[in-house]
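Student: Input sequences plus hints: build the corresponding full structure.
Each chain, written out:
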Amino acid sequence: MPETDQNSIDRHRNVKLQCRNVWKVYGPRPDYYFDAKGYRIEPELLAARLTAEGHLPALIDASFDVHEGEIFVIMGLSGSGKSTLVRCLSRLIDANHGTIQLDGQDLLAATPRELIEIRRHKMGMVFQSFGLLPHLTVLENTAFPLKLQGMGLAEREARAREMIRLVGLDGREASYPSQLSGGQQQRVGIARSLAVGPDLWFLDEPFSALDPLIRRQMQDEFLRLQDQLKKTIVFITHDIMEACRLADRIALMRNGRIIQIGTPAEILLSPADEYVAEFTAEVALARVIRAGDLAVAAPMSEATAEISADQPLEALMSKIGAGHRHFRVLPAGRYPGGYVAADRILAVLGHEAATLAEVG
Amino acid sequence: MASPLFRWLLLFLFCLALVLASPFLPWLAAFPQGWTLPLADVLNTWALPVFDILQGPGRALAAGLDLPLRGLRAALEWLPWPALAGIVVLLALRASGWQLAVVAIIAQAGIVAGGYWPQAMNTLAIVLMSLPPAVLIGFALGAAAHRWPRIEPATVAALDVMQTLPAFAYLIPLLILFGFGPAPGLVAGVVFAVPPMVRNTILGLARVPAEVVEAAQMCGATSGQLFWLAKVPAARSQLLVGVNQTVMASLSMVIIVAVIGGFNDIGWEVLSAMRGAELGRSLMSGLVIVAMAILLDRITLGFASPGRTTILGQKKFRIAFGAFVIAGVVTRLILPEVTFLPDALGRNLARSIDATLMDFVVATGPFFAALRDGLNYGLMLPLRIGLLGAATPTVWGFTLMPWMIAAYAIVFAGGAFILWRRTPTLAIAILFVGLALATGITRFPWPGVVAMALVAAWASGGPRLFAMTSGALGLIIFGGLWAAFTQSAYLTALAVVLCVLIGGALGLLAAENDRASAILRPINDALQTMPQFVFLIPALMLFRVGEFTALIAIMLYAIVPPMRYVEHGLRNVSPALVEAAVQMGATRSQLLWQVKLPLARPVIRLGINQTIMAAISMLVIAALVGTRDLGQQVFIALGKADLGLGLVAGFAIALLALIADRLLRD
Numbered sequence: 203m204p205e206t207d208q209n210s211i212d213r214h215r216n217v218k219l220q221c222r223n224v225w226k227v228y229g230p231r232p233d234y235y236f237d238a239k240g241y242r243i244e245p246e247l248l249a250a251r252l253t254a255e256g257h258l259p260a261l262i263d264a265s266f267d268v269h270e271g272e273i274f275v276i277m278g279l280s281g282s283g284k285s286t287l288v289r290c291l292s293r294l295i296d297a298n299h300g301t302i303q304l305d306g307q308d309l310l311a312a313t314p315r316e317l318i319e320i321r322r323h324k325m326g327m328v329f330q331s332f333g334l335l336p337h338l339t340v341l342e343n344t345a346f347p348l349k350l351q352g353m354g355l356a357e358r359e360a361r362a363r364e365m366i367r368l369v370g371l372d373g374r375e376a377s378y379p380s381q382l383s384g385g386q387q388q389r390v391g392i393a394r395s396l397a398v399g400p401d402l403w404f405l406d407e408p409f410s411a412l413d414p415l416i417r418r419q420m421q422d423e424f425l426r427l428q429d430q431l432k433k434t435i436v437f438i439t440h441d442i443m444e445a446c447r448l449a450d451r452i453a454l455m456r457n458g459r460i461i462q463i464g465t466p467a468e469i470l471l472s473p474a475d476e477y478v479a480e481f482t483a484e485v486a487l488a489r490v491i492r493a494g495d496l497a498v499a500a501p502m503s504e505a506t507a508e509i510s511a512d513q514p515l516e517a518l519m520s521k522i523g524a525g526h527r528h529f530r531v532l533p534a535g536r537y538p539g540g541y542v543a544a545d546r547i548l549a550v551l552g553h554e555a556a557t558l559a560e561v562g
Numbered sequence: 017m018a019s020p021l022f023r024w025l026l027l028f029l030f031c032l033a034l035v036l037a038s039p040f041l042p043w044l045a046a047f048p049q050g051w052t053l054p055l056a057d058v059l060n061t062w063a064l065p066v067f068d069i070l071q072g073p074g075r076a077l078a079a080g081l082d083l084p085l086r087g088l089r090a091a092l093e094w095l096p097w098p099a100l101a102g103i104v105v106l107l108a109l110r111a112s113g114w115q116l117a118v119v120a121i122i123a124q125a126g127i128v129a130g131g132y133w134p135q136a137m138n139t140l141a142i143v144l145m146s147l148p149p150a151v152l153i154g155f156a157l158g159a160a161a162h163r164w165p166r167i168e169p170a171t172v173a174a175l176d177v178m179q180t181l182p183a184f185a186y187l188i189p190l191l192i193l194f195g196f197g198p199a200p201g202l203v204a205g206v207v208f209a210v211p212p213m214v215r216n217t218i219l220g221l222a223r224v225p226a227e228v229v230e231a232a233q234m235c236g237a238t239s240g241q242l243f244w245l246a247k248v249p250a251a252r253s254q255l256l257v258g259v260n261q262t263v264m265a266s267l268s269m270v271i272i273v274a275v276i277g278g279f280n281d282i283g284w285e286v287l288s289a290m291r292g293a294e295l296g297r298s299l300m301s302g303l304v305i306v307a308m309a310i311l312l313d314r315i316t317l318g319f320a321s322p323g324r325t326t327i328l329g330q331k332k333f334r335i336a337f338g339a340f341v342i343a344g345v346v347t348r349l350i351l352p353e354v355t356f357l358p359d360a361l362g363r364n365l366a367r368s369i370d371a372t373l374m375d376f377v378v379a380t381g382p383f384f385a386a387l388r389d390g391l392n393y394g395l396m397l398p399l400r401i402g403l404l405g406a407a408t409p410t411v412w413g414f415t416l417m418p419w420m421i422a423a424y425a426i427v428f429a430g431g432a433f434i435l436w437r438r439t440p441t442l443a444i445a446i447l448f449v450g451l452a453l454a455t456g457i458t459r460f461p462w463p464g465v466v467a468m469a470l471v472a473a474w475a476s477g478g479p480r481l482f483a484m485t486s487g488a489l490g491l492i493i494f495g496g497l498w499a500a501f502t503q504s505a506y507l508t509a510l511a512v513v514l515c516v517l518i519g520g521a522l523g524l525l526a527a528e529n530d531r532a533s534a535i536l537r538p539i540n541d542a543l544q545t546m547p548q549f550v551f552l553i554p555a556l557m558l559f560r561v562g563e564f565t566a567l568i569a570i571m572l573y574a575i576v577p578p579m580r581y582v583e584h585g586l587r588n589v590s591p592a593l594v595e596a597a598v599q600m601g602a603t604r605s606q607l608l609w610q611v612k613l614p615l616a617r618p619v620i621r622l623g624i625n626q627t628i629m630a631a632i633s634m635l636v637i638a639a640l641v642g643t644r645d646l647g648q649q650v651f652i653a654l655g656k657a658d659l660g661l662g663l664v665a666g667f668a669i670a671l672l673a674l675i676a677d678r679l680l681r682d
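Line by line, the protein sequences give chains A and B.
In terms of this note's numbering, the first sequence opens at residue 203 and continues consecutively.
In terms of this note's numbering, the second sequence opens at residue 17 and continues consecutively.
Worth flagging that the hints you see were computed from the coordinates, not collected in a lab.
Since the model is a prediction, treat every value here as computed from it, not as a measurement.
Don't take every hint at face value.
Stated by the list, open to error - Listed below are the simulated EDC-like cross-link pairs for lysine to aspartate or glutamate, each with C-alpha atoms no more than 20 Å apart in a straight line: (1) Lys656(B) to Asp68(B); (2) Lys349(A) to Asp68(B); (3) Lys349(A) to Glu227(B); (4) Lys324(A) to Glu230(B); (5) Lys349(A) to Asp296(A); (6) Lys324(A) to Asp267(A).
What the hints assert, rightly or not - A few chain A residues that don't get close to chain B, going by computed Cβ distances all over 10 Å: (7) Glu270; (8) Leu310; (9) Gly326; (10) Gly385.
Using N, Cα and C, we set each Cβ at its ideal position, and we do this for glycine too.
Tutor: Below, the structure is given as structure tokens:
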């Protein structure tokens with residue numbers, strides 16, 4: 203599939219959003235600490251000093267790249283700084299230090315006028331509690347960003363209807379937000395954020411306010427949408443399962459710091475420290491790790507069965523139980539495919555999975 | 017641990033010493049006139065020249081205000097009443113529904129039948145004229161306070177003063193500036209109606225969810241778009257509540273300022289009827305005010321309710337509205353002289369009601385007179401001049417023997433001593449009550465009152481409240497208003513205590529009994545909607561002019577908060593806690609006294625706070641029916657157009673209200 207080939211070179215694509223050494227500090231005079239040009243900031247020392255001097259470093263030296271078409275998930279518990287980070291990226295709040303570049307343009311240096319233009323054309327954002335305007339209908343809410351740009355009524359309503367169809371809300375155009383369920387309201391939020399056709403899409407815990415069942419449906423919808431739209435996405439969540447389901451890469455945050463960045467499999471299989479290990483301990487590896495995560499390129503002639511790379515290891519269990527020991531992994535999604543041996547899988551899943559296999 | 021208690025005990029001993037010393041030192045009981053400063057005169061000599069300069073522009077502004085007011089008034093008069101009434105019914109339909117439309121029909125039919133349509137329209141004209149400036153100024157101030165949070169504290173403080181300063185006090189400068197006529201009333205209405213709009217604007221804008229603001233920002237809104245397209249519409253409901261409160265405040269004020277006369281409005285109608293002791297007329301015009309208040313309130317509130325579903329669509333409403341206007345204009349053009357108002361009906365009705373009421377008052381006179389005299393001599397007089405003052409041959413028919421005084425002292429001291437172990441706060445309170453009852457509130461030595469007020473202010477509000485209290489007391493003492501102040505304090509305290517006891521009991525009943533709640537709710541609604549002025553009518557009817565009448569009028573107005581807050585507080589105790597207590601086997605009374613009441617305490621305290629504010633704000637209006645307090649001073653000042661006295665007495669009342677509010681807030 204040509205599409206697969208494209209996805210397989212994800213990592214080598216252009217950097218869409220570059221974030222370097224970003225700090226956000228709350229307190230009486232945060233800017234004082236970042237005044238001096240030319241001296242090197244030692245993050246840990248500065249953070250300790252800030253805390254000692256009555257400041258709250260909410261975001262400490264955050265650096266990462268988000269590539270074009272990637273789903274970059276920022277994960278952490280409440281108070282870890284993930285909300286602060288996404289607000290710095292969208293400049294809803296101003297970082298005290300660091301650089302943030304969108305397509306090579308320095309966001310922190312953008313004038314208010316430029317920022318408005320960037321937001322009008324390049325960024326979209328979805329909020330945890332939806333942020334819908336209560337006095338506008340679904341259609342008017344969706345068309346709101348277009349109205350702000352000064353687009354004519356007919357044109358913006360046509361565009362908004364298209365977006366509403368995209369998120370599956372056709373027929374509810376005339377409803378008000380208060381008449382919709384939480385899931386439906388968030389669909390409106392998604393439609394609105396997509397109306398301007400942004401390249402960069404921020405989602406701040408978009409599904410956290412929803413019931414578990416609806417949340418899962420919305421995650422599927424989201425993946426379907428992204429399959430179609432191929433946006434560059436920064437997705438915030440506190441739910442490790444959600445992160446693992448959706449992410450191309452995850453940035454794990456704690457106390458204002460990014461403590462590990464990697465694919466879900468990397469984070470699960472080689473956690474950076476105790477905290478990450480503890481955090482991920484509850485995740486059922488068999489459901490999250492996919493065949494493609496373990497595949498190696500070196501051919502195995504003894505392969506007796508085939509599996510699609512985006513299948514979770516769980517799906518291999520019955521085949522391992524039936525006696526297959528080597529698998530050919532077919533390329534799928536972002537995975538290039540290859541080969542994998544049952545021993546490797548069992549080693550990853552550990553004792554519990556091994557028992558399961560014997561029983562099978 | 018004992019330090020605050022010890023402080024209060026010391027204070028009590030100080031007061032006791034003062035009381036014992038006062039027979040020998042007469043300057044302790046009543047502040048000597050010779051010690052006062054001519055504050056009012058100083059104010060007059062400084063302010064009057066300034067006002068002289070301002071008078072020219074003031075009169076010009078008054079003339080400018082007068083013109084549109086006369087125009088509006090003429091228009092309301094010119095259109096035949098059925099057309100206007102039809103428009104009001106349409107508004108009621110659109111705002112709420114059939115029920116309110118029926119109420120509107122009945123209320124307006126009543127106004128017409130009573131013969132008060134022209135007066136009602138004149139009042140409406142002033143209210144409508146005051147509305148746009150009040151709403152615009154209030155919105156602008158609120159938006160400014162929202163935009164620059166630094167100016168918010170100053171704004172809120174100014175609002176507090178604007179709302180607690182008695183209207184009569186600032187009517188005096190307005191009268192001097194604008195001269196007689198409707199202009200000062202209009203300006204007073206605006207001044208009084210601006211604060212609720214400011215408060216609701218600040219509240220509404222602050223309550224717009226952060227995510228709505230962020231969402232609009234992320235859509236690329238400029239700051240103007242953010243404000244006008246996101247924040248203001250999202251705060252719409254709260255802003256309309258502001259408009260509702262603005263209308264009601266304006267109505268209340270417009271009716272009060274009718275005392276300056278000259279506009280043939282409904283407030284003047286009540287006042288002149290009361291002065292002529294025409295009970296039927298004053299009652300009927302009072303009912304007209306109530307009808308207007310209810311209609312204005314419900315219609316504006318209907319437009320403010322967020323989930324409003326209307327049975328009358330915008331298009332139909334516009335067509336019907338236009339139809340009524342055109343029909344009205346056409347009718348008037350064809351029949352220029354016909355008023356369509358039943359002339360004799362109203363007057364006959366008033367006369368017959370008058371006669372009936374007279375019969376009723378005469379028949380029940382002895383009962384109400386006995387009630388009044390009983391309470392006057394049994395409760396009010398001893399509170400005012402104390403047991404020592406009341407127990408004389410002329411009042412109570414006997415003289416206090418030394419042994420009686422000794423027994424009295426022993427009872428209170430013994431009670432305090434027994435309670436000291438368990439609840440020392442209560443013990444000290446009992447000591448103070450005993451002392452105050454002995455001397456009477458108005459004869460309590462003034463240095464004691466000053467010391468108590470300052471200690472309480474310092475303890476609960478720190479240096480700022482202390483400074484504020486010192487200022488207020490200084491103004492009162494050196495302004496020569498001490499005697500009037502003690503009268504105010506006594507009247508307020510008595511009204512508040514009675515309101516809290518009676519209203520609290522009713523609120524408790526309503527909390528425990530759904531039927532009682534259903535009966536009390538509309539009564540509360542009605543009492544709260546009525547302009548303060550109206551409460552004077554029944555009180556005056558039954559009890560004639562006097563302090564007791566003033567007390568009743570104050571209580572009618574101030575009894576709503578305790579009822580409301582007690583019921584609200586008790587009913588909103590977390591059901592989980594109630595369930596837990598029931599599960600532990602609490603009886604109904606245990607549940608009430610040991611679970612619900614303690615949990616509802618903050619709400620009840622807020623209710624008491626509101627009661628005090630309501631009572632103080634009613635003081636000046638109650639002065640119309642005869643008191644000797646600060647309110648009366650303001651009223652006297654208004655009569656003499658004495659700017660200085662009016663401002664000193666007015667600010668004294670405003671400061672007292674603010675201090676009482678701050679003292680009780682935490």
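Student: Which of the listed hints are broken here?
Tutor: 2, 5, 9
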